[in-house]
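S.K.: Protein sequences, first through last, are from chains P and U.
Going by UniProt numbering, the first residue of the first sequence is number 1, and it counts up by one from there.
Going by UniProt numbering, the first residue of the second sequence is number 1, and it counts up by one from there.
Hints are not guaranteed to be accurate.
[As the list claims (entries may be wrong)] Covered, in the sense of this in silico footprint (three residues per stretch, anywhere, with C-beta under 8 Å from a C-beta of chain U), are these stretches of chain P:
no.	region
1	46-56
2	60-70
[To be verified] Residues from chain U that face chain P, not an exhaustive set, calculated with beta carbons under 10 Å:
no.	residue
3	Arg263
4	Val285
5	Gln312
The set of hints was computed from the structure by calculation and includes no laboratory data.
Beta carbons: idealized from backbone N, C-alpha and C, even for Gly.
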Amino acid sequence: MSACVACRAELGPGDRFCEACGRAVDAPSTVESLLTTEAPDQPCPDCRETAPPDGYGYCPHCGARRVVVAASAELDLGTVAGVTDVGRRRAANEDALAIARAPGVSAAVVCDGISTATRADVASGSAVRAAITSIMENGAGHAPEAALLQAATRAGAAATARAAGELAPNPPSCTLVAGIVTAGSVAVAWLGDSRAYWLPVRGEPRCVTVDDSLAGQLGAAGVPVSGADPRSRALLRWIGADAPAGPAHTAVFSPEGPGTLVLCSDGLSHYFDAAGELAAAVPAGDPSAVARTLVDLANARGGHDNVTVAVLPFPIPEEGGNDE
Amino acid sequence: MSDFTVEADWSPHLAVDGGVVDIIVTVTSSAGGAPAAQGAAPSVAQVIMVDCSGSMAGREIEEAKRATNAAIDALRDGVRFAVIAGTERAQAAFPVNQTLVPANDRTRREAKQAVRTMRAGGGTAIGQWLTLARHLFQADPAEIRHAILLTDGANGEARGTLARVLEECAGAFVCDSRGVGSGWVATELRAIASALLGTADALADSGDLATEFRSMIEAQMGKVVADVGLRLWTPAGADVRAVKQVFPEVVDLTTRRTEVNARSGDYPLGAWGAESRDYHVSLSVPGAKPLETRAVLRAGVVARDGTPLAEQKLVTATWTEDIEQSTKVNPRVAQYLGQTELDEAIQEAVAARKAGDTERATAKFGRAAKLAHETGRVGTLKLIEKAVEVVDAPSGTVKLRTTGGVSRDEEMLEARSQKTARVGRGTKES
Numbered sequence: 001m002s003a004c005v006a007c008r009a010e011l012g013p014g015d016r017f018c019e020a021c022g023r024a025v026d027a028p029s030t031v032e033s034l035l036t037t038e039a040p041d042q043p044c045p046d047c048r049e050t051a052p053p054d055g056y057g058y059c060p061h062c063g064a065r066r067v068v069v070a071a072s073a074e075l076d077l078g079t080v081a082g083v084t085d086v087g088r089r090r091a092a093n094e095d096a097l098a099i100a101r102a103p104g105v106s107a108a109v110v111c112d113g114i115s116t117a118t119r120a121d122v123a124s125g126s127a128v129r130a131a132i133t134s135i136m137e138n139g140a141g142h143a144p145e146a147a148l149l150q151a152a153t154r155a156g157a158a159a160t161a162r163a164a165g166e167l168a169p170n171p172p173s174c175t176l177v178a179g180i181v182t183a184g185s186v187a188v189a190w191l192g193d194s195r196a197y198w199l200p201v202r203g204e205p206r207c208v209t210v211d212d213s214l215a216g217q218l219g220a221a222g223v224p225v226s227g228a229d230p231r232s233r234a235l236l237r238w239i240g241a242d243a244p245a246g247p248a249h250t251a252v253f254s255p256e257g258p259g260t261l262v263l264c265s266d267g268l269s270h271y272f273d274a275a276g277e278l279a280a281a282v283p284a285g286d287p288s289a290v291a292r293t294l295v296d297l298a299n300a301r302g303g304h305d306n307v308t309v310a311v312l313p314f315p316i317p318e319e320g321g322n323d324e
Numbered sequence: 001m002s003d004f005t006v007e008a009d010w011s012p013h014l015a016v017d018g019g020v021v022d023i024i025v026t027v028t029s030s031a032g033g034a035p036a037a038q039g040a041a042p043s044v045a046q047v048i049m050v051d052c053s054g055s056m057a058g059r060e061i062e063e064a065k066r067a068t069n070a071a072i073d074a075l076r077d078g079v080r081f082a083v084i085a086g087t088e089r090a091q092a093a094f095p096v097n098q099t100l101v102p103a104n105d106r107t108r109r110e111a112k113q114a115v116r117t118m119r120a121g122g123g124t125a126i127g128q129w130l131t132l133a134r135h136l137f138q139a140d141p142a143e144i145r146h147a148i149l150l151t152d153g154a155n156g157e158a159r160g161t162l163a164r165v166l167e168e169c170a171g172a173f174v175c176d177s178r179g180v181g182s183g184w185v186a187t188e189l190r191a192i193a194s195a196l197l198g199t200a201d202a203l204a205d206s207g208d209l210a211t212e213f214r215s216m217i218e219a220q221m222g223k224v225v226a227d228v229g230l231r232l233w234t235p236a237g238a239d240v241r242a243v244k245q246v247f248p249e250v251v252d253l254t255t256r257r258t259e260v261n262a263r264s265g266d267y268p269l270g271a272w273g274a275e276s277r278d279y280h281v282s283l284s285v286p287g288a289k290p291l292e293t294r295a296v297l298r299a300g301v302v303a304r305d306g307t308p309l310a311e312q313k314l315v316t317a318t319w320t321e322d323i324e325q326s327t328k329v330n331p332r333v334a335q336y337l338g339q340t341e342l343d344e345a346i347q348e349a350v351a352a353r354k355a356g357d358t359e360r361a362t363a364k365f366g367r368a369a370k371l372a373h374e375t376g377r378v379g380t381l382k383l384i385e386k387a388v389e390v391v392d393a394p395s396g397t398v399k400l401r402t403t404g405g406v407s408r409d410e411e412m413l414e415a416r417s418q419k420t421a422r423v424g425r426g427t428k429e430s
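In isolation and in its complexed conformation, chain P is listed as follows (with noise of 0.2 Å):
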């Protein structure tokens, strides 16, 4: 039986497009690298069933949760980097992170699993498979906003897919930040509250996104927001079988110099709401050594959540050399 590439749901013998996800079967693969921290193929922590957990995550054998994303994980293509980490307070890790690059463009996804949903790693982790083979198998360099609209797309179909054939309460559901950089563009698309910083060597850095929430709307139209009223917090747009619909918001701005794309989870901007606090704490070095230190930090300050944090810089760096 074979698999979808994008979103891993079974495939039927003369299927010219996968069911779950609407990936073409036959859709060329031009990507050069591609990581993500779905894991989905570990043996149950409990009795070592080896049959693959169904669509809440759960181990058919002995009904134990199975692992589906890693628990902490640092993802490194040189030219993109990506670090998840469970955190400080949480029991498990349910946001997951995927990565990719391709000659002339690197793109990273984050999803936030929902806490008050069910198994949402189950959802962020079908997420962000099926959004980075999306991008990464779209030309994403020719229309990354198109690309990145497809891909959450993709990536809530393939949320909802994954959990289909059951009913929860609270489906598995999650946020979404999907960016691409290319020779000319920086590129975001997202639904929630995970966000994307764009800090310039020269100039003023900013947070790219507005939160889909009714304190992150207010803030952008310049309503001062205490952040006291949790309500005003609570999420208005994600992705998973229970989510309202329509299209991903998206920004698309072409730099006038050198600077660095930061997708992060709310694990890190809780830290850092501002965008100058976060420039601030980025230090000189590669994506990677970006990441860590960010996810650190926010461990540092007290780990409330999960955190993932993905570094892109722009322009993209020369392969074997990025201390420029």
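Assemble the complex: chain P is given as a structure, and chain U must be docked to it using the hints.
M.R.: Below, chain U alone, put in the same frame as chain P:
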């Protein structure tokens, strides 16, 4: 052809040393109410068993005949049917050649002609009637197989015969049983309903029989899916303690399990139209570390060939050291547990009366009165008040009315106590 949904209510927290998880599984079918109009209506077979024993003589047999005619009139064209006249043997009243015939204007007329000639006289051998019905159904290819059994007396067969016959008939057809007159025994009516996945009831007035028969037939005409099964997956280490239908009636399915594989088993749910039923699944699960969350049950419904009819429902539990959390009971689960306990208390009370144990009967009737009060079962409380003197329902204080044999009111109470009141899904935990 049909749309089923499976939902569940339970308390998700468990003590670290393990324990019992009680789950109310709600199965709902939105299958269309007019299968004849849908083209692919399933084939239906219907057998009516009428008690023609000597005690039926007089008004009872006339009302039974009128009811049988009403049932015949309610049969949809094409439904294959037969009428059995039951005494100490089973006689094929119509058709006489021991087969089923399709309903049409001519066969309905001939059947009613045959019903007119039925006479009361002889004994009561319910096992024989059921066995003839089984032979008729087994020789017929109909998908939905339903029978009505009417009796006014206690079964006259040797002890153990009925139980053996019911075992042979289980799965062959669904049977609703009704008692009329003054000699029927609630435990027998309920045993038939329980083994054959039907309903049991008794009518105080035989004049209500025709209406009752017609509505039982009409309910069957709305069935569109035969032989539905409840498929339960449980993890290694967990035990299924009990599986009971708790609405619209209490039917114990625990011993009716068919193994599917090492982790899954099917329980028979009979034929379904557009309706909704509730099941109580009780699991015993081992201990686990605090804050660990595991899957403890998956519930689904399947067709006869095992094809899923609905999306499976996942039930998880989280282990905790917080006693306040782990002892919290889901209100819907609590309501149904109270109602099944009420039914058990009434059965035990009547059994104690039959055994002459006045003290135990009083205690059980008292418990039943208290539970009927607490679960809002007004109708049942009224029946309890007829059977015994209820001094104070909230505290469960009652006095037996007689010290002699079991009264009709007590039998009636036992025949009806399995009918539950629906507990809606609106009561979610905060």
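S.K.: State for each hint whether it applies.
M.R.: Comparing the hints with the structure gives:
no. : hint   : in the structure
1   : 46-56  : holds (count 3)
2   : 60-70  : holds (count 6)
3   : Arg263 : holds, 7 Å
4   : Val285 : holds, 9 Å
5   : Gln312 : holds, 5 Å
Violated hints: none; the structure is consistent with every hint.
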